[in-house]
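Note that the protein sequences, when read in sequence, are chains A and B.
Going by our numbering, the first residue of the first sequence is number 1, and it counts up by one from there.
Going by our numbering, the first residue of the second sequence is number 1001, and it counts up by one from there.
No wet-lab data here; the hints were simulated from the structure.
Check before you lean on any hint, since a few could be wrong.
Quick list of the computed label-pair ranges, beta carbon to beta carbon [stated by the list, open to error]: (1) B/L1380 <-> A/Q154: 46 to 56 Å; (2) B/P1368 <-> A/V193: 28 to 38 Å; (3) B/G1376 <-> A/V193: 28 to 38 Å; (4) B/A1378 <-> A/D95: 44 to 54 Å; (5) B/P1104 <-> A/D218: 33 to 43 Å; (6) B/P1123 <-> A/D95: 50 to 60 Å; (7) A/A345 <-> B/L1145: 56 to 66 Å; (8) B/P1104 <-> A/E155: 25 to 35 Å; (9) B/G1376 <-> A/A168: 51 to 61 Å; (10) B/L1380 <-> A/D218: 45 to 55 Å; (11) A/G150 <-> B/P1104: 21 to 31 Å; (12) B/S1137 <-> A/P284: 46 to 56 Å.
Chain B side only, calculated, beta carbon under 10 Å to chain A, not exhaustive [claimed, not checked]: (13) Y1065; (14) E1299; (15) V1326.
Positions of the beta carbon are idealized from the N, C-alpha and C atoms, including for glycine.
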Amino acid sequence: MRIRGGAIALLLAACGAPPPPDPWTLWTIDSLALRGDPSVVPANGTLPFFAPPYPAVGSGTHVQASTNPGLTIFPAFSEGQTAAYMTTEIWQNFDVVWVQPLYIDLSGQNKPIFGVGAGTRFYSPFWQIFFYTAPQGASFTGAREVIASGVPLQEGPGKYCALTNDPAILAAVQQNDTVPRRPLTGDEVSAPVNNVGWADGVKVWFIDLGNSQRFLWDYETLVVEETPLFAFALTPGALLDLPRVGGTGPWRSPRCDGQGNCTGIVGGVPVFGALWRVWQVLLPGGADVYVPPSMKPDLLAAVQAMGFPGKVPDSALPSSAKPADYALRVYLNGAWLDSQNAIQANIPDWRVEETGTDVACPLVLFRGAKVPR
Amino acid sequence: MSPLLVALLLAQEIAPAGSGADGYTPPAGAQPALRILGYVDLGWARAQGNGTSFAPGDTRIPADYGVDTFAPAVNSRGDVASTDSGGVFTNGFLPHSVGIGGHPSFLINTVDLDVQYVAPGAPLMLFTRAQLLPRFSSAGESTQLLVEQAFARVIPFSSQEFAVTVGKSDSVFGIEYLENEANLRTGITPSLIARYTTGQGLGAKAFFRRQVAPLWSAVSINVSATNGGTLVDTLSPQSASQTGTPTFSGRFGYELNLPSVEVKLGFSAMDGPRNDQSQPGVRQKALGADARVVFSVVEIRAEGIHLKQDEGAGDKINGLGTHSVVSGFEVWGGYAQLALGVDLPGGRRVAVYGRYDRRHAQFEGFVPITVDRITGGARLDLLENLAVKGEYLKNREIEGAPQVDNDVLTSSLIYTW
């Protein structure tokens, strides 16, 4: 009887176990849109950071164009200057992200062919190009066909392409505006195009920011190099809705000096500005956030609701600075925390911690200027 | 307890030289309590290409998700000529390798040592099967000592065909496990679905068979609860339960034993946690069917399986190490084999055979791949304990996987003692 009872218990344990949590989650443009993530704004949707308490910029409509959804432009800082990025993928609990092959037909007969589709968690928007020349009349729609054809493959550079099933999605643009803009300042940022290609025999579309290489990877392991994206917090685990600070290299090894003098920038495009690991910066007491006079009282109230006094004086800004460029910058003991170098210099290591979140956030504004396409 | 009955029950797992698919029946009362048995399987093999199924120039990752790495098998263990991906990332879906790449090579496939003890006057048998697997890899000498089986078997009722086994022993799923050992297998290489059905399990199992004499029939049931189910050790470890919850598997069988025709049918199932995971809620389930028909010099056998595995809830740890981002997986597959066997004068026997395999598999989010294989070969039993086999495998990539040269010519010389 005891044995029978034990066996039943064993069976119940086997069949009734709760479903386990999903440890590795990848959200793409389409799944971000599906879950209503602020990274993707539907057509006619309210644009984050453009509506109160944030200041009106550009046309001031703070509504996404009616013809297509848009990728939100997030304000950021890097190298002591303004920056901005879009978010196209989020990885949760991934140790690394890999490049996959992208096959480009030099003969022009075939559209770009991506080695994998966005349905696998081994997908990333970071691709290594392999050039080939298709035989006359050959029509390819999948990697298998290219490889099986035996055409010579020539290794090429890396290219950022975020896959989507939406042929219309672009960067978010306000109604009555013609270009995407950085919130808070209204600076024009670079705009991607939406192109078409193939993956596993299925037509796909991709966000294309040009052919400049925006990332590095290990040629042996195919692992993409990640850079810290610093997010501020006052209590552990509660990241604040403040502009993040883009790093420029591994922790304690930045590629730049904090003033915009960098290695790894080719034609104005940083090679480190696409795959980021979110790092939490736990701010000590005394930290505050700057709010320009023109943005009070709404933005000040929002900052105070986060737990900051919002009393950084205008005199803390350099004399030549535009106040809007400093909006929502974190200030601590006479220093602006607006670069990896500044964070390393002013925050003890124990207050800085990497999280389990990676994000694909290609820079569209860096060092206060559009990142060329 | 009838010695004959004991021998019949043991035949599925302990079947020395000369046995057919159902094993060997020793002479009643002729065995000493302690027996030491074994065999040596020597081989020569040559695989096309670089000995793998990886297509040159294919850098999609994981490399082992988009091809069938088990296709270029060279021996009865299912070891392949090579698993070298050229440095391209793989994620733990590989067989064992003999490391010869595309070069022809002599091999020592298996040195097998069996120790069997039958307690005098008691319905108990102890059995251990240790195997020395001389191997070479890019890391150098990689010879392994494997405890493939180690179990105790009790037959509690002399009036019933009922046996309980505890320890590490053969699978109960399907029929291909009956030919796990090189000396028992008609051909050389296992089928494309053997990786899912032939893994030895560590745990407990029970076998019961009821003869229905008026109908020339018998029905049987074979059930087990093991650490890792019925997958081979590279895919699902057996030496320890990583979830604390066993995987259940079983087979219901029907036999029709007419004087001139023998028909055996079976339905198998497996359900339990993936033992490459640490959480019992990550499941694997399989259903299978098998059939065998023997008449005159002809033996036909066929088997099919559908297996589904949940996506992982943490890193997977299997016989290949630790791997991350564990994808869900689903496979359909099967094979059919026709063998003609003829007894020759002087105790010799010759058999020729052909087999067709087909496998359709998909890792979550990846394009499904369909492959098939045509196998042809011959076996010549020169002596009661000496057999020579030769086999050719024509591997084909039908859909999803890039076509690659991965056919295999292989041979085997087996001495059983």
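Results for each hint:
Restraint check, B/L1380 to A/Q154: a C-beta distance of roughly 51 Å satisfies the suggested window 46 to 56 Å. At about 32 Å, the CB distance of B/P1368 to A/V193 agrees with the hint of 28 to 38 Å. A beta carbon spacing of about 55 Å between B/G1376 and A/V193 contradicts the range 28 to 38 Å that was offered as a hint. Here the CB-CB span from B/A1378 to A/D95 is close to 50 Å, well matched to the stated 44 to 54 Å.
For the pair B/P1104 and A/D218, the supplied restraint of 33 to 43 Å holds, since their beta-carbon distance comes to about 35 Å. Our hint of 50 to 60 Å for B/P1123 and A/D95 holds, since their Cβ atoms are close to 53 Å apart. At roughly 57 Å, the beta carbons of A/A345 and B/L1145 sit within the given window of 56 to 66 Å. At about 32 Å, the beta-carbon gap between B/P1104 and A/E155 stays in the expected band of 25 to 35 Å.
At about 55 Å, the beta-carbon gap between B/G1376 and A/A168 stays in the expected band of 51 to 61 Å. The beta-carbon spacing between B/L1380 and A/D218, approximately 52 Å, falls within the hinted interval of 45 to 55 Å. The hint said 21 to 31 Å for the Cβ distance between A/G150 and B/P1104, and at roughly 25 Å that hint holds. Distance hint for B/S1137 and A/P284: a CB-CB separation of about 53 Å, consistent with the stated range 46 to 56 Å.
With its C-beta approaching chain A no nearer than about 8 Å, B/Y1065 sits inside the 10 Å limit, and its interface hint holds. Hint status for B/E1299 relative to chain A: violated, with the closest Cβ pair at about 37 Å, above 10 Å. Below 10 Å, beta-carbon pairs count as interface contacts, and B/V1326 has one with chain A at about 8 Å; its hint therefore holds.
Consistency note: the structure conflicts with the earlier hints numbered 3, 14.
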